[in-house]
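> Residues per chain, in single letters:
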Amino acid sequence: MKRITLLFLFVIIAFASRAARVTGVVLSDEGYALIGANVYWANTGTGSITDLDGKFSLETIKETNKLVCSYMGYHNDTILVSGRADLTVVLVSNIYLDEVTITERKLGVIRSRVAAFDTQTLDGAELCKAACCNLSEAFETNASVDVAYADAATGAKTIRLLGLSGTYVQLLSENTPGVRGLAQAFGMEYIPGPWMQSVQVSKGTSSVINGYEATTGQINVEFLKPQTQDPIAVNVMLNTELHAEVNVEGGWQIPLKDEDEHEHEHHHEEGEHCHHKSLYTGILGHWQQGFMTMDENHDSFLEMPKSTNVNLANRWFFKSGDYTMQAFVRGLYDRRLGGQLAEMKMPDAEGNLVPTTIDNPYKIDLNTWRIDGYLKNGIVLNDETGSSIGIVAAASHHNQANAYGIRNWNASQTNAYLNAICQLNFEGSERLGMDNDHRLSAGLSINFDNYRELLHFQPFPGLTQVYLPPVDLNLDRWELTPGIFAEYSLKLDEVLSLVAGVRMDYSTTYGLFFTPRVNVRYSPWEWWSIRASAGLGYRSPNLIADNAAMLPSSRNILTSDMGWTKSGMHSEAQWIEGPAQERAVNSGISTTFYIPLGKKELQLSGEYYYTGFMNCLIADMDQSPDAVVFYNLSNVHNLTGVHGQSYAQNMQVEATMEILRGWTMTAAFRFTDVKQTTLKLREDAKLGEDKYRALLRQKPLTNRFKGIITTSYQTPLKKWQFDLTAQFNGGGRMPDGFNNYFLNDLQSKQYYRKENDPSLYYKWYPQLMAQITKYWRTCSLYVGAENMTNFKQENPVIGADAPYEAGFDASMAWGPITGWKIYAGFRWSISKDE
Amino acid sequence: MPPGSYTIMKKLMMALVLCLMSISMAFAKGEKQVVVFDVDLHCAGCVTKIEKNIAFEKGVKDLVCNLDEKTVVVVFDNSKTDIKTLQTAFAKLGKSAKVNAKKTEAAVKAAAPKK
Chain A
1 MKRITLLFLF VIIAFASRAA RVTGVVLSDE GYALIGANVY WANTGTGSIT DLDGKFSLET
61 IKETNKLVCS YMGYHNDTIL VSGRADLTVV LVSNIYLDEV TITERKLGVI RSRVAAFDTQ
121 TLDGAELCKA ACCNLSEAFE TNASVDVAYA DAATGAKTIR LLGLSGTYVQ LLSENTPGVR
181 GLAQAFGMEY IPGPWMQSVQ VSKGTSSVIN GYEATTGQIN VEFLKPQTQD PIAVNVMLNT
241 ELHAEVNVEG GWQIPLKDED EHEHEHHHEE GEHCHHKSLY TGILGHWQQG FMTMDENHDS
301 FLEMPKSTNV NLANRWFFKS GDYTMQAFVR GLYDRRLGGQ LAEMKMPDAE GNLVPTTIDN
361 PYKIDLNTWR IDGYLKNGIV LNDETGSSIG IVAAASHHNQ ANAYGIRNWN ASQTNAYLNA
421 ICQLNFEGSE RLGMDNDHRL SAGLSINFDN YRELLHFQPF PGLTQVYLPP VDLNLDRWEL
481 TPGIFAEYSL KLDEVLSLVA GVRMDYSTTY GLFFTPRVNV RYSPWEWWSI RASAGLGYRS
541 PNLIADNAAM LPSSRNILTS DMGWTKSGMH SEAQWIEGPA QERAVNSGIS TTFYIPLGKK
601 ELQLSGEYYY TGFMNCLIAD MDQSPDAVVF YNLSNVHNLT GVHGQSYAQN MQVEATMEIL
661 RGWTMTAAFR FTDVKQTTLK LREDAKLGED KYRALLRQKP LTNRFKGIIT TSYQTPLKKW
721 QFDLTAQFNG GGRMPDGFNN YFLNDLQSKQ YYRKENDPSL YYKWYPQLMA QITKYWRTCS
781 LYVGAENMTN FKQENPVIGA DAPYEAGFDA SMAWGPITGW KIYAGFRWSI SKDE
Chain B
835 MPPGSYTIMK KLMMALVLCL MSISMAFAKG EKQVVVFDVD LHCAGCVTKI EKNIAFEKGV
895 KDLVCNLDEK TVVVVFDNSK TDIKTLQTAF AKLGKSAKVN AKKTEAAVKA AAPKK
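Going down the list, the sequences are from chains A and B. Quick note on numbering: the first sequence equals residues 1 to 834 in our numbering. Quick note on numbering: the second sequence equals residues 835 to 949 in our numbering.
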């Protein structure tokens with residue numbers, strides 16, 4: 001308990017600055033200055049608000065020496081002030097950001113100890129452990145989130161949480177809608193690594209404040225903030241695939257007229273200045289370019305497309321008294337050129353590489369333009385309790401023109417979002433005999449999405465053996481969803497935290513729906529805590545964007561026969577009914593032991609999560625290797641009389657410890673069981689009998705388990721850092737139809753069959769990555785290697801020699817597509833206070 | 835793993851250890867000295883600032899900041915730097931560093947090889 005009490009309160013009495021005045025600074029447990037925190041004498045109305053550096057200055061009063069510090073989202077703290085003092089108050093957050101661990105070496109991943117949500121925060125130190133060019137790579141050293149190639153041709157990476165696709169994770173950027181809808185296909189790569197200040201990963205059901213979408217969890221990215229970021233920071237990176245990257249960031253204060261020159265001189269005695277206006281701006285820039293075309297396995301298909309990405313953002317922070325405003329605007333252009341080239345080096349009969357001309361090469365050309373932004377306004381209503389009103393408006397326009405051979409997917413999405421929230425904090429009652437905090441948040445939100453989407457493709461005569469004309473699948477649609485929500489948070493000492501929320505939304509497409517969610521944490525002893533959560537999540541599925549990996553293939557896209565589109569097989573095919581809303585329940589339980597071993601602490605945690613779908617959109621690749629058939633889980637009952645199931649179970653154990661000074665280690669193991677009911681054509685079905693039967697099977701291309709050991713060593717002077725991560729992933733089922741190809745034609749050792757089981761399985765595979773970083777005063781240099789085991793999935797592109805014919809499939813990716821690579825990078829920054 | 839690779843790995847490890855040892859020998863010409871400073875540390879930010887800068891002062895071998903006690907323990911090579919130079923380095927960061935004689939004595943005793 002002592003340690004936690006220390007976290008609560010760091011009072012350091014230093015040199016007195018002025019008579020009868022208390023000055024000090026209020027910091028978050030992450031070390032950032034808390035701007036606009038309330039500092040007041042207990043039971044009086046006398047107080048102040050911290051300025052932009054988190055500093056305050058107060059006249060001492062006779063009545064009391066109890067000074068209260070409060071800040072929204074943080075635990076209140078009361079300090080006894082003796083005489084003249086220069087205070088440092090560290091407030092511990094109670095919701096998203098977590099505790100500081102006072103180990104000598106700060107762990108890069110901080111698992112929340114006090115929050116009701118099962119949240120991990122990946123801070124700057126963790127994000128620097130791997131090359132981390134973008135958000136998807138931020139999780140390469142994380143046990144809970146999996147990163148994998150979506151397909152074998154576009155280089156797109158996707159994430160999985162709790163065994164389910166990233167589409168079921170709500171991805172937020174600074175708590176506004178982030179990667180959603182069309183952006184889901186490649187959106188992880190639209191968030192450059194060096195822009196990120198921290199990433200919060202919440203597993204299981206999460207707060208209703210940000211909407212109804214989070215099913216398996218929530219990932220929130222916080223970008224660098226102009227108030228705290230360095231005036232100039234530059235990052236340059238290059239890897240052995242000749243992929244180069246340049247990032248430039250900077251944040252500055254813009255002097256306003258009424259702020260005079262002594263702002264800087266009397267830096268330590270501010271406080272009266274807290275009602276002054278201040279303005280900051282920041283710029284984030286990112287450019288990346290691939291310079292080399294790479295076909296390591298000489299199957300004529302480039303493993304990685306040649307990509308160009310330009311990403312520019314500008315943000316503003318304005319504060320005047322109790323009012324705070326933040327604005328963010330970002331523009332993005334992304335192009336990927338992959339597939340086949342007209343001239344490629346291919347092996348001849350003897351295996352020598354010779355330049356070969358490919359007639360009518362299969363080209364992949366993906367173009368994306370995107371603009372997005374938000375405006376956040378916050379007003380503190382009551383300085384004492386920190387009650388506040390917040391209004392957030394966000395908008396985005398996403399436009400893409402994608403070509404996969406003769407398939408074209410042209411789409412745009414316009415999104416507008418508004419969220420207004422009122423947070424009321426209540427002082428706890430003294431009768432309870434313990435520290436109790438209550439908070440009520442309530443508000444309303446409106447979300448609007450407008451999609452213009454057209455998929456043009458040529459069906460192949462696989463299933464039907466007849467020639468079919470090209471299909472234009474028109475998926476134009478719009479959806480307006482207003483909603484209201486309320487959430488209550490309770491905290492009793494360190495023992496119990498509870499967050500219970502509910503929201504009601506009306507979708508113009510899916511009607512009225514109701515989202516209850518609850519998270520509880522109980523910790524009777526300092527060394528043990530238990531969390532439980534349960535809640536509902538909803539999503540409007542996007543047929544193509546959620547399954548964009550299927551596009552580089554000649555699989556027919558079948559939506560007919562299931563009753564919700566007129567026909568996917570005719571050129572006049574139109575969106576009529578559309579897929580039903582995806583609805584799921586998520587519940588979980590997790591427990592953590594904090595075991596003291598000498599002066600160090602071992603954290604042992606275990607968890608179990610279950611996600612069960614009432615309905616989801618199934619992309620069935622098992623019916624035929626020539627097709628992907630879409631239907632709703634709820635349609636299974638109409639067609640077979642069997643209630644379809646789709647669920648994911650996860651069990652994970654994790655141990656984390658600082659073993660020696662500067663040496664930290666995490667080991668984790670996870671078992672994932674993801675099953676869903678799919679339809680199988682009955683060949684023996686007689687007239688009048690059901691045409692299909694329902695089969696509950698392991699979801700294909702989903703890893704059954706994952707083991708990870710990640711270790712990091714920093715020299716005592718923090719001049720060198722060594723990171724090593726070993727992983728084994730895998731074991732999973734392949735979609736039906738490839739048994740003969742992999743086992744007999746290829747004689748591949750990467751696959752196997754089980755007795756009395758018609759399915760084909762891929763084996764597990766190891767992964768190893770390492771990085772060395774050298775730090776200097778203002779810069780650092782890092783060199784690292786990825787996929788050091790050089791494990792590659794054999795023949796990831798099936799039928800690469802005839803991409804315009806049935807049987808071509810680049811969507812069957814389950815493992816690494818490229819071999820080992822080495823990268824090196826350089827970071828340089830001018831520190832803020834120099 | 836091929837049969838010979840274990841011995842190769844072992845040899846490589848040995849070479850690495852020898853290499854590291856010779857580097858540290860080459861550097862350790864003077865004697866290591868411990869000093870404990872009282873520094874007006876306020877927050878994690880101050881600690882980071884000191885770690886980022888003092889670590890790169892010439893002759894500094896080890897550094898431990900203690901926010902609770904507001905002390906900074908510096909181990910340095912006394913042929914390359916001295917307490918005054920270190921204090922100047924702290925002053926450049928806007929921090930006064932006063933030698934805490936009591937704690938320094940205790941640290942020296944703790945660091946002395948036990949016989």
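Note that these hints are calculated values from the structure, not bench results. Possibly wrong hints are sitting among the right ones.
[Said to hold, decoys possible] Pairs of lysine-lysine residues, derived as BS3-like cross-links and limited to a Cα-Cα distance of at most 30 Å, are as follows:
1) Lys914/B to Lys932/B
2) Lys914/B to Lys257/A
3) Lys376/A to Lys277/A
4) Lys225/A to Lys600/A
5) Lys157/A to Lys895/B
6) Lys792/A to Lys932/B
7) Lys600/A to Lys914/B
8) Lys914/B to Lys599/A
9) Lys718/A to Lys883/B
10) Lys937/B to Lys866/B
11) Lys157/A to Lys600/A
12) Lys918/B to Lys600/A
[What the hints assert, rightly or not] Pairwise CB distance ranges (calculated):
13) Asp916/B to Ile595/A: 40 to 46 Å
14) Lys886/B to Glu427/A: 55 to 61 Å
15) Glu427/A to Asp902/B: 46 to 52 Å
Treat the numbers as computed from the prediction; the structure is a model and nothing was measured. Ideal Cβ placement from N, Cα and C applies to all residues, glycine included.
> Determine for every hint whether it applies to the structure shown.
Here is how each hint holds up against the structure:
Distance check on the hinted pair: Lys914/B and Lys932/B sit about 20 Å apart at the alpha-carbon level, within 30 Å; holds. Restraint check for Lys914/B and Lys257/A: the C-alpha separation of about 49 Å exceeds 30 Å, so the hint is violated. Only pairs whose Cα atoms come within 30 Å are accepted, and Lys376/A paired with Lys277/A is accepted, the gap being roughly 17 Å. Only pairs whose Cα atoms come within 30 Å are accepted, and Lys225/A paired with Lys600/A is rejected, the gap being roughly 33 Å.
Between Lys157/A and Lys895/B the CA atoms are separated by roughly 43 Å; this puts the pair beyond 30 Å, and the hint is violated. Distance hint between Lys792/A and Lys932/B is unfulfilled; the C-alpha atoms sit about 59 Å from each other, more than 30 Å. As the CA atoms of Lys600/A and Lys914/B are separated by approximately 34 Å, the hinted pair breaks the 30 Å bound. Using a Cα cut-off of 30 Å, the hinted pair Lys914/B and Lys599/A is violated, with the two alpha carbons roughly 33 Å apart.
A hinted pair counts as satisfied when its Cα atoms are at most 30 Å apart, and Lys718/A with Lys883/B qualifies at roughly 12 Å. Proposed proximity of Lys937/B and Lys866/B is supported: the alpha carbons are some 17 Å apart, at most 30 Å. Taken as a hint, the Lys157/A and Lys600/A pair is broken in the structure, with Cα atoms around 37 Å apart against an allowance of 30 Å. For the hint pairing Lys918/B with Lys600/A, the CA-to-CA distance comes to about 35 Å; that exceeds 30 Å, so the pair is violated.
Separation of Asp916/B from Ile595/A is about 44 Å and conforms to the stated range, judged on CB atoms against 40 to 46 Å. Between Lys886/B and Glu427/A, the C-beta spacing of about 40 Å breaks the proposed range 55 to 61 Å. Between Glu427/A and Asp902/B the CB atoms are about 30 Å apart, so this pair departs from the stated range of 46 to 52 Å.
Taken one by one, the earlier hints fail for this structure at numbers 2, 4, 5, 6, 7, 8, 11, 12, 14, 15, listed in ascending order.
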